[in-house]
Amino acid sequence: MDTGTYGFVVEEGLIFDRSEPGRSGVEFPRMDVPETELPTALRRQATLDLPEVSELEMVRHFTRLSQKNFAIDIGFYPLGSCTMKYNPKVNDAIANLAGFQDLHPYQDEATVQGILQLMWELQEWLAEIAGLPGVTLQPSAGAHGELTGALIIRAYHESKGRPRKTILVPDSAHGTNPATAAMVGYDTKEIPTDPSGNADLDALRTLMNEDVAGLMITNPSTLGVFEENIVEIAEIIHEAGGLVYMDGANMNAMVGVARPGDLGMDILHYNLHKTFTVPHGGGGPGAGATAVTAELAPFLPVPVVARREDGSFYHDFDRPQSIGRVRAFYGNVNNMIRAFVYMRVLGAEGLVDMSRTAVLNANYLKEQLRDSYYLPYDRVCKHEVILTAKHQKEATGVRTLDIAKRLLDYGIHAPTVYFPLTVEECMLIEPTETESKRSLDRFVAVMQKIAHEAVEEAALVKGAPHNAPVTRLDEAQAARSPDLRWRAS
Amino acid sequence: MKYTPHTDADRAAMLAAIGVESNDDLFNDVPEAYRFPTLDLPQGMSEVTARRHFERMATRNATLSTHPSFLGAGAYYHYTPAVVPHLLFRGELYTAYTPYQAEVAQGTLQIIYEFQTLMAELTGMDVANASMYDGSTAVAEAALMAVRQSRGKRNKLVISRGLHPEYRKVLDTYNHGIDIDEHYVDLDAVSGLTPLAAVEAALDDKTAAVIVQYPNFYGNIEDLRAIGDAAHAAGALLCVSADPIAITMLQSPGELGADIVTGEGQSLGIPVWYGGPYVGFFATSQKLLRQMPGRICGRTVDTEGRTGYVLTLQAREQHIRRDKATSNICTNEALVATAVTMYMTAVGKQGLLQVANLCYQRSHYLIDQLSALEGYERLHEAPFFREAALRTPRPAAELNRYLWEEHGIIGGYDLGRVDPALDHAWLLTATEMNSREEIDRLVDAVRAFA
Numbered sequence: 001m002d003t004g005t006y007g008f009v010v011e012e013g014l015i016f017d018r019s020e021p022g023r024s025g026v027e028f029p030r031m032d033v034p035e036t037e038l039p040t041a042l043r044r045q046a047t048l049d050l051p052e053v054s055e056l057e058m059v060r061h062f063t064r065l066s067q068k069n070f071a072i073d074i075g076f077y078p079l080g081s082c083t084m085k086y087n088p089k090v091n092d093a094i095a096n097l098a099g100f101q102d103l104h105p106y107q108d109e110a111t112v113q114g115i116l117q118l119m120w121e122l123q124e125w126l127a128e129i130a131g132l133p134g135v136t137l138q139p140s141a142g143a144h145g146e147l148t149g150a151l152i153i154r155a156y157h158e159s160k161g162r163p164r165k166t167i168l169v170p171d172s173a174h175g176t177n178p179a180t181a182a183m184v185g186y187d188t189k190e191i192p193t194d195p196s197g198n199a200d201l202d203a204l205r206t207l208m209n210e211d212v213a214g215l216m217i218t219n220p221s222t223l224g225v226f227e228e229n230i231v232e233i234a235e236i237i238h239e240a241g242g243l244v245y246m247d248g249a250n251m252n253a254m255v256g257v258a259r260p261g262d263l264g265m266d267i268l269h270y271n272l273h274k275t276f277t278v279p280h281g282g283g284g285p286g287a288g289a290t291a292v293t294a295e296l297a298p299f300l301p302v303p304v305v306a307r308r309e310d311g312s313f314y315h316d317f318d319r320p321q322s323i324g325r326v327r328a329f330y331g332n333v334n335n336m337i338r339a340f341v342y343m344r345v346l347g348a349e350g351l352v353d354m355s356r357t358a359v360l361n362a363n364y365l366k367e368q369l370r371d372s373y374y375l376p377y378d379r380v381c382k383h384e385v386i387l388t389a390k391h392q393k394e395a396t397g398v399r400t401l402d403i404a405k406r407l408l409d410y411g412i413h414a415p416t417v418y419f420p421l422t423v424e425e426c427m428l429i430e431p432t433e434t435e436s437k438r439s440l441d442r443f444v445a446v447m448q449k450i451a452h453e454a455v456e457e458a459a460l461v462k463g464a465p466h467n468a469p470v471t472r473l474d475e476a477q478a479a480r481s482p483d484l485r486w487r488a489s
Numbered sequence: 490m491k492y493t494p495h496t497d498a499d500r501a502a503m504l505a506a507i508g509v510e511s512n513d514d515l516f517n518d519v520p521e522a523y524r525f526p527t528l529d530l531p532q533g534m535s536e537v538t539a540r541r542h543f544e545r546m547a548t549r550n551a552t553l554s555t556h557p558s559f560l561g562a563g564a565y566y567h568y569t570p571a572v573v574p575h576l577l578f579r580g581e582l583y584t585a586y587t588p589y590q591a592e593v594a595q596g597t598l599q600i601i602y603e604f605q606t607l608m609a610e611l612t613g614m615d616v617a618n619a620s621m622y623d624g625s626t627a628v629a630e631a632a633l634m635a636v637r638q639s640r641g642k643r644n645k646l647v648i649s650r651g652l653h654p655e656y657r658k659v660l661d662t663y664n665h666g667i668d669i670d671e672h673y674v675d676l677d678a679v680s681g682l683t684p685l686a687a688v689e690a691a692l693d694d695k696t697a698a699v700i701v702q703y704p705n706f707y708g709n710i711e712d713l714r715a716i717g718d719a720a721h722a723a724g725a726l727l728c729v730s731a732d733p734i735a736i737t738m739l740q741s742p743g744e745l746g747a748d749i750v751t752g753e754g755q756s757l758g759i760p761v762w763y764g765g766p767y768v769g770f771f772a773t774s775q776k777l778l779r780q781m782p783g784r785i786c787g788r789t790v791d792t793e794g795r796t797g798y799v800l801t802l803q804a805r806e807q808h809i810r811r812d813k814a815t816s817n818i819c820t821n822e823a824l825v826a827t828a829v830t831m832y833m834t835a836v837g838k839q840g841l842l843q844v845a846n847l848c849y850q851r852s853h854y855l856i857d858q859l860s861a862l863e864g865y866e867r868l869h870e871a872p873f874f875r876e877a878a879l880r881t882p883r884p885a886a887e888l889n890r891y892l893w894e895e896h897g898i899i900g901g902y903d904l905g906r907v908d909p910a911l912d913h914a915w916l917l918t919a920t921e922m923n924s925r926e927e928i929d930r931l932v933d934a935v936r937a938f939a
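Residue numbers (my numbering), protein chains in the order written: chain A, 1 to 489; chain B, 490 to 939.
These aren't lab readings, by the way, just hints derived from the structure by calculation.
If you're wondering where the values come from, they're calculated on a predicted model, not measured in any experiment.
For glycine and all other residues, C-beta sits at the position ideal for the given N, C-alpha and C.
Honestly, I wouldn't trust all of these hints.
Here are a few chain A residues that sit away from chain B, every Cβ distance over 12 Å (derived from the structure) [stated by the list, open to error]: (1) 161; (2) 200; (3) 239; (4) 295; (5) 310; (6) 323; (7) 374; (8) 394; (9) 440; (10) 452; (11) 456.
Output of the computed footprint for chain B on chain A, the stretches with three or more beta carbons under 8 Å from beta carbons of chain B [as the list claims (entries may be wrong)]: (12) 62-74; (13) 172-185; (14) 282-293; (15) 467-480.
Build out the structure end to end from the sequences listed, making use of the hints.
Printed below as a string of structure tokens:
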């Protein structure tokens, strides 16, 4: 078994340490017009300490920094709820075509029919997969899609005469759900999880009333299981006049499996960067397309891409009930291209195979690891599975954090840890469909080895990582005396 | 199947290990009536077919690389040195996620720290965050932060109509439904600047912030010092949405008293990409640091005393604080922030100043040449930086159509899109991508359109 990704550890200081005043990397064209003076009173007086390095030094700096990173292209990255699947390179090749890249958002629509067609077709595909006919591509990320959805919920209720007060969220929800509800002025109330891992229906019935604007629910839930009562949940909410928002963070288990609209969902955001392979890029950019029922479509942000009878495409701004814009221009268009190329390459059959295989892989890991770790919800999982360090903690005090760090020593990224907050010592493991059986088997072997180490060599696990560019970092000091930027001394 | 690597034997072995007959047995928890619907979508494509298909689609777009363009209005066509995409596409950076495991994300984290430094330095502020979605959402978050930091005492925003019209719409959307009172101030019709008297008249003890764009949407250089002094005298903050290229040469918002500086980072070497992904920057004072939205990276040490970087001050964020968080933002624009960091490093201080000066000089040449034509004159009198509005004898929409159809030139921004009364007004910019020859071609074409 190999012992890690890093054969050597690279030291690399800040770019500012390589800087020499007067050095310049790139030459720009000479001035070819008569010069006019910028009035002195308007001139910048403050220092401008920016890097001044040669191109080679720059290449070395960023190449060396890159070597301190773990990434999908390096190894297995089972980060639950983040869907770290392979990002096909053809997506980038196409997204980077000059014909897609060098387009100004204010060009005349007649000169950008290609990209408008792509955006329109993407809307259609996302509508079909969701079973929800209205789609906006504008949101920049999942949380931005949530904000869009919550604003639509508010606008819908206002159109009925009263915005209502409260949004319900399961206690296992992503933090973005309550944070989003708060941003649009809603209180949140939590629905507890029942022992089998479903939202507690009795609690839901008790909490639901005519002050509740709606429910934000993730399905499959953040516990990695399908919300078995989803149809009934939607009925309870709808009966009292509420709307159901589905957080699509976990759509990787759902494409072609069931259409959220068919299950009674009113609004769904996609994370194109999770489900449809836009690279995560160290934390973004994403793309959070959001789909809604026909009844809610009038509230979608402006503009949406529409098609005329003659087959030409345009931005439709004439939407009087719209919630308005949620960002400038039309969304993260370059990421839409990546997602749509992926969808077109897979096609209907490939997309269903994607979700089927993602679920197969997660269930395989669950069965292989159930003897080594505690399995709080012992039922078929969807594309991710929760295991915990309960046994290890009881035996030797080894915690989930320690296991996460020890995995890094073996060249595997940690799962999502301590989320959902409702499960103690939680590890949320999402293998994705692009991992081979061999890769999964290696993960199983490493996890079993760590379970063994946790008993036999607890100190080794508690001190991990040992083979990363740095050991554990002092987060308390970072927060106590924040050092957030370099300054010239 | 493409991208799913299992052989039939693998699948059989895995299903046996799980103890089910078929893959579909793993979906018995999905209501049967809705399980495995037939998707009305076409079958997949080979990579070759997909490439041809999309390449054809791309040819139906006219690009700025093949047609001269004078469009700006919040998105600017700049040169990206080849070294930037080359490094950006390294899989180690490109296919990593949010640095949740800091020990194996030191590359991403150190780059964020460098990005924060660059944005703080550029804006003249103490600190900056790891990025927001774009310039528009950054200013909306600045407004929310200004209200939040008043701890319930102030809920009014005085907003200049010199702020980008789409940013204003985003502000309206974000502020809808929560108790925030927006007060808009029109620009002075002659100077094209936010009138100080109108700002002063609007300020009161409920005002949380004055929000101004610098230079404003029409290109004019606002007097931030005066507006900031007025805001501060009333106990309000000054929030500035700034053009990062302009403030390399212009007095920085920080020097002029800004409390929160946001902006669109696209012009720092990011392709125009038909509007996104771009990157919002967000900078503030040390005093307001803990009210800032979004991720922040900090420098610290590891157990052996070595320098390292972590995400910090996370008690502000949604995954910890949930409904009490400073924002719901999670995924940001990290890769674009990385590209900006690479761009600013590649061109360096000298290169960036050259780009800014080329923008300044060529825009002035462009506007001077056009203003010399019969019927064309500047809409405003204030000094501008890289973009200015012209009054035109014919509707700007007609001019743009003529330039495109007769000369293959993508013209300027038709200000009639913002205000129907300005349909005879045109907003134009020039960058290092517009040579004098290109500008002269435009001027000759306009001259011929009598």
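Hints versus structure:
1. The Cβ of residue 161/A lies farther than 12 Å from every Cβ of chain B, with a closest approach of about 15 Å, so its non-interface assignment holds.
2. Listed as outside the interface, residue 200/A is consistent with that label: its C-beta sits roughly 17 Å from the nearest C-beta of chain B, beyond the 12 Å cut-off.
3. Here residue 239/A stays apart from chain B, with its beta-carbon at least about 18 Å from theirs, past the 12 Å limit.
4. Under the 12 Å C-beta cut-off, the non-interface status given to residue 295/A relative to chain B holds; the minimum distance is some 20 Å.
5. Every CB of chain B is more than 12 Å from the CB of residue 310/A (nearest about 15 Å), matching its label as outside the interface.
6. At roughly 6 Å, the least C-beta separation between residue 323/A and chain B is not larger than 12 Å, which violates its mark as non-interface.
7. Against chain B, the non-interface label of residue 374/A holds: every CB pair exceeds 12 Å, the least being about 19 Å.
8. Here residue 394/A stays apart from chain B, with its beta-carbon at least about 25 Å from theirs, past the 12 Å limit.
9. The beta carbon of residue 440/A is not kept farther than 12 Å from every beta carbon of chain B, the shortest such distance being approximately 8 Å.
10. Taking the minimum C-beta to C-beta distance to chain B, about 20 Å, the non-interface status of residue 452/A holds against the 12 Å cut.
11. Taking the minimum C-beta to C-beta distance to chain B, about 22 Å, the non-interface status of residue 456/A holds against the 12 Å cut.
12. Residues of the stretch 62-74 of chain A with a Cβ under 8 Å from some Cβ of chain B number 12, which satisfies the need for three, so the listed coverage holds.
13. Only residues whose C-beta sits within less than 8 Å of a C-beta in chain B count toward coverage, and the stretch 172-185 of chain A has 11 of them, enough to reach three; the restraint holds.
14. Counting residues of the stretch 282-293 of chain A whose beta carbon lies closer than 8 Å to any beta carbon of chain B gives 6, which reaches the threshold of three, so the coverage claim holds.
15. Figure legend: the stretch 467-480 of chain A, annotated as covered by chain B; annotation consistent (11 residues with Cβ-Cβ distances under 8 Å, at least 3 required).
Checked against the numbered hints given earlier, this structure breaks hints 6 and 9; the rest are met.
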